[in-house]
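Undergrad: Chain residues, written in single-letter form:
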Amino acid sequence: MTPALHIIRPGLLTTVQDLGRTGYQRLGIAVGGALDAVGLRAANALAGNAPGAGALEVLYLGPTIAIEADDVRMSFAGANAAIEVFPDVTAVRGRRVETQRSIRLRRGEVVRIGSLSGGAVLYVAVEGGFDIEPMLGSVSTDIRGGIGGWQGRALIAGDRLPLHLIGVTDRDECRIEGLDLATPAAVRAVAGPQSDYFAESEIAAFFASEYTVGAGANRMGLRLEGRPIAHARGHNITSDAIAPGSIQVPGNGLPIVLLADRQTTGGYPKIATVISADLPALGRLPIGAKIRFESVTIEEAQEMRRFLLAEIERINDKIVPIGRAGTDDVAPNLSGHNLISGVVGAGDWAI
Amino acid sequence: MPPYKVLIAGDTALAIEFGDGVDRQLSAWVLALARRLNEVRLEGVIETVPTFRSLMVYYDPIVLPIAALVARIEALMEGVRTTEAAGRLWHLPVCYDRDLAPDLDDIAARTGLTRAGVIERHAAVTYHVYMLGFLPGLAYLGDVPAELALPRRDIPRIRIPAGSVAIGMSMSCIFPRETPSGLHLVGRSPVALWRQQTGLGAEFAALLAPGDRVIFAPISLREYDEMHAKAAAGNLTITPVDAARDAAA
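Here the protein sequences line up with chains U and H, keeping their order. In case it helps, the working numbering puts the first sequence at residues 1158 to 1508. In case it helps, the working numbering puts the second sequence at residues 594 to 842.
Warning: the hint list may mix true and false statements.
To be verified - Stretch-level coverage of chain U by chain H, calculated; a stretch enters the list once three of its residues show a Cβ under 8 Å from a Cβ in chain H:
| # | segment |
| --- | --- |
| 1 | 1294-1303 |
| 2 | 1393-1400 |
What the hints assert, rightly or not - Calculated Cβ distances over 12 Å to all of chain H for the following chain U residues:
| # | residue |
| --- | --- |
| 3 | H1163 |
| 4 | D1227 |
| 5 | D1245 |
| 6 | T1247 |
| 7 | H1321 |
| 8 | R1332 |
| 9 | A1343 |
| 10 | S1366 |
| 11 | E1382 |
| 12 | H1388 |
| 13 | A1389 |
| 14 | E1456 |
| 15 | R1471 |
| 16 | I1476 |
| 17 | G1480 |
Calculated from the structure, these hints are not laboratory results. Every residue gets a Cβ at the ideal spot worked out from N, C-alpha and C, and that includes glycine.
Next up, chain H with everything else stripped away, as it sits in the complex (with noise of 0.2 Å):
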């Protein structure tokens, strides 16, 4: 069983924390317990918010009062296993042309790569998604090479467009819409990690959720111009890896 501290949040949300700072062993721990929740189905559990290091359990307490939560966490805490299957794999296109990528010489510049130096070792690791959060469909994917790692920038973009491929300290993210941010932009994707449609749930509208895999492919600004073409007409499909692999056999 893991170590914890159940931390309150007001009276209708617990932080079950598991540690501090952004670690793959915490995060898996996180998201066990997550799962765990979701197979219960704990009447008076409302929701759960998966961050780096933490489980947000929002709970009704007229339903389930406090100290009935916690010991039933402490519970669930027995069966918690960090051994189950990830989750999916996807590989995202990314454009790394430097009219996409804004920020790609200043940051070859900083850590004394050069630009495809900078490129090749953004798109040379398979990334984890800790959570999401900012934005609808917004992942934090991590983590990033260290010799990538660099603070916000001094100032924010009042505004960067969506798809941005971004990158500050430990994670990488592509923004589902237009939004200020901090971070610097290495790139742009096509994908829409968000999709307004009435209609259809959640899970249709956000692409990735917490513990998928990311993968970046790079392609060209044709490839961009044309996938993202697509993805304005609604015609750009995405599937995680396995489920392609399946899909083929």
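Excised from the complex, chain U in its bound form (with noise of 0.2 Å):
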């Protein structure tokens, strides 16, 4: 039977994603991939992977899976969550995991991974991977262009993801250590591409003012709620192509930021745009989450984007193993969910 993880309960919105299927935005493709490269980065080091192998995404609450593989080594790397790995599907007690580190999981075994804290997303991984084909590139799941991932959507209950190892190799379980991958108090950005929509007071107190991650956030952007901003020459613009942390104000003057699954192009100004170096932290914002902008220029921001690949490039040395030990030793653990809605809401985007 082919190696494979069986999904029995989905999460909220679980989907496949790599670091993007770049270069093919003139066809109307969007880029895609994981909110939070960094994130996504660490679960693959963790589990011995190349830095930009598919893994799950998993958002707020997450999917329960059952190992069918001889045996598999699974990571978790992003926010915080309550993982529990059960002896079987039948099974009410079972052992908690923290994450940011790897497991060994056998046969039959059965992780359960609950609501997530501190974060939107967390990565799940697995040594060797999932055995899917890439699509133009890359396996990153686009669920509006129905494309890539496991059938271009995200996962539902009986899934079975196949996996390229039927087992792994004997070795040390690891933990990562001193990497950031906590959600920011603010995150940095460049005015632009459209402020000559607005007024020099409108663009001041965009940057001064404190913002609140609204219910309508998803992988396509973050809604925000604040102080709406006022347009000086109105609100619709020539549709144009439309930029990774892009920041456009619709008619209303709610910012939107627009993240991963951003359509490739739109029609409203973009009063400025979060840098390159401050993506991965903007996609771990949850709902709810507070947020300010600060105004850097573009010469900060290219600085800043090669400490963050250097960051990036210590990823392995903060790989610390902690032993062959399949799960820590932890009381039995009987938490619940806290199921958080209102997430997903693909009418909302239409032209």
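Take the two lone chains, each set in its own frame, and fit them into one complex as the hints suggest.
TA: This is the structure:
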């Protein structure tokens, strides 16, 4: 039988993601990929994979997964989560597992990932990765476009995600230490591309205000609540392309920050753009989080990109062995789930 | 050399903007610069995205700092010509039958035309592919004759079927897949604008590309059904007009 992860419950929105489908935006194909590319890389480093291997991206509430392989090395990086491992599907008592580490799981064991805390996303990687054919160079799931990942959609109960490995080598499990995967209080942004659609006083007010991530947040973007921004020249522009981290201001004045699954083009003026170095942290922001935007110059932004790339280069140095134990020896845990609703609403994005 | 502005869209993208509005001349400049950038293959340029009035250039500033990219673009502008060969010409079948065109009566009422008059005008022009966006393979075709230019519907539809041919403002679109939309539905095309096939390049996956030209060819409901069945079986091959002529010669 093909080695696989059997999805017993899918969680709120669990998708296969890698570093995105770059190079096809001129054909209307979104880049997509991990909301938090640093979290994805950390999960892959823990599992012993290449940095850009496809992993499961979990939003807010995780899946329940049964192991259908001799054994599987699985890692968890990103937000904190209540994770338990049960000996089989009927077991009611499980062992708690921490995030930011790898574990080795045996055939028949069941992993239940509960609700996330301290961030919106968690990455679950498996050693060897998923046996999924890339679509245009990527295994990322583009739900709106119905492309890539597992059948172009989020996981559902009953899915069996095929694995490359039927078993894994005996080695120490690992933890990642000293990598900042926290949600930010502020992200940095450069003004533009449509700063001329706003009075200088409104741009200043945008950078001086604190916003809250609203309930309409999803993989396409974060709708912000807070001080509305007035337009100087209306809110319709001739559609142009949308860069990652673009902060567009629609008619109601409430900014929308565009994330991985943003559409390639759009017709609202964009007051500022979050810098590339802060996109991974931006992608971690959960509904309800407070966020400010700090104005930086393009030169500062490009310098900060160097810092992030250097930090990424050091991820492997932050992997620390923790021995052969499959899971932590902690008391059995019977935690429940808290479903956070209202995350997905593709209909809001119609042209 | 065309007049243009360089807009900063974060630290990894520049929008090279030739003007405002939907305009063939602006589009010609956009596509000409895209061609130049494709020809010279600047190291550090990741991809370009043509839109109605600007070309987005995605780049890696570590490889190609912004000042160097801006200078290279300025130099390339000197050699940009809009007289180069236009894109491919396509004849795309569209069925305007009542069953597949729920908004035709409404459009006729709002424009003072007959149904036949709406169809005749929609199928009379050679459309220009300004850009692709919103969904994989979705092309913005313009310009719709002025008499048919309507604002979007007040209430968008939650779902329109794949293949829907729609109009709104000066654009007409064929929707590659089921999606929400606020545009007016004038017909249905059996042609797949997007085919998900692993192993093939993107150019095989998306039928149209920016700069192509499209003429809508009206077909009957019976023809639609036949072609739709062929398309569903993967046997409907649509080739550009010039390519078909070359093959026959």
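Undergrad: Take the hints in turn and mark each one as holding or not.
TA: Now for the hints, and whether the structure bears them out:
Check on the segment 1294-1303 of chain U: 4 of its residues sit with their Cβ under 8 Å from a Cβ of chain H, so the three-residue criterion for coverage holds. For a cut-off of 8 Å, the count of residues in the segment 1393-1400 of chain U with a CB near a CB of chain H stands at 6, and the three-residue condition holds. A cut-off of 12 Å between C-beta atoms confirms that H1163(U) is not in contact with chain H; the least separation is 23 Å. Separation of D1227(U) from chain H is adequate, the least Cβ-Cβ distance of about 28 Å exceeding the 12 Å criterion.
Every Cβ of chain H is farther than 12 Å from the Cβ of D1245(U); the closest lies at roughly 35 Å, confirming the non-interface assignment. Every beta carbon of chain H lies more than 12 Å from that of T1247(U), the smallest distance being close to 38 Å; the non-interface claim holds. Under the 12 Å C-beta cut-off, the non-interface status given to H1321(U) relative to chain H holds; the minimum distance is some 17 Å. With 12 Å as the threshold on Cβ separation, the claim that R1332(U) sits away from chain H holds: the shortest Cβ distance comes to roughly 30 Å.
Distance to chain H confirms A1343(U) as a non-interface residue, since its nearest Cβ pair spans about 16 Å, more than 12 Å. Every CB of chain H is more than 12 Å from the CB of S1366(U) (nearest about 20 Å), matching its label as outside the interface. For E1382(U), the requirement that its beta carbon stay farther than 12 Å from each beta carbon of chain H is met, with the minimum near 23 Å. For H1388(U), the shortest C-beta to C-beta distance to chain H comes to about 15 Å, beyond the 12 Å cut-off, and the non-interface label holds.
Residue placement check: A1389(U) keeps its beta carbon more than 12 Å from all beta carbons of chain H (closest about 15 Å). The claim that E1456(U) is not at the interface with chain H is violated, since a C-beta of that chain comes within 12 Å of its own (minimum 8 Å). The Cβ of R1471(U) lies farther than 12 Å from every Cβ of chain H, with a closest approach of about 16 Å, so its non-interface assignment holds. Taking the minimum C-beta to C-beta distance to chain H, about 25 Å, the non-interface status of I1476(U) holds against the 12 Å cut.
With a cut of 12 Å on Cβ distances, G1480(U) stays outside the contact zone with chain H, its closest approach being about 38 Å.
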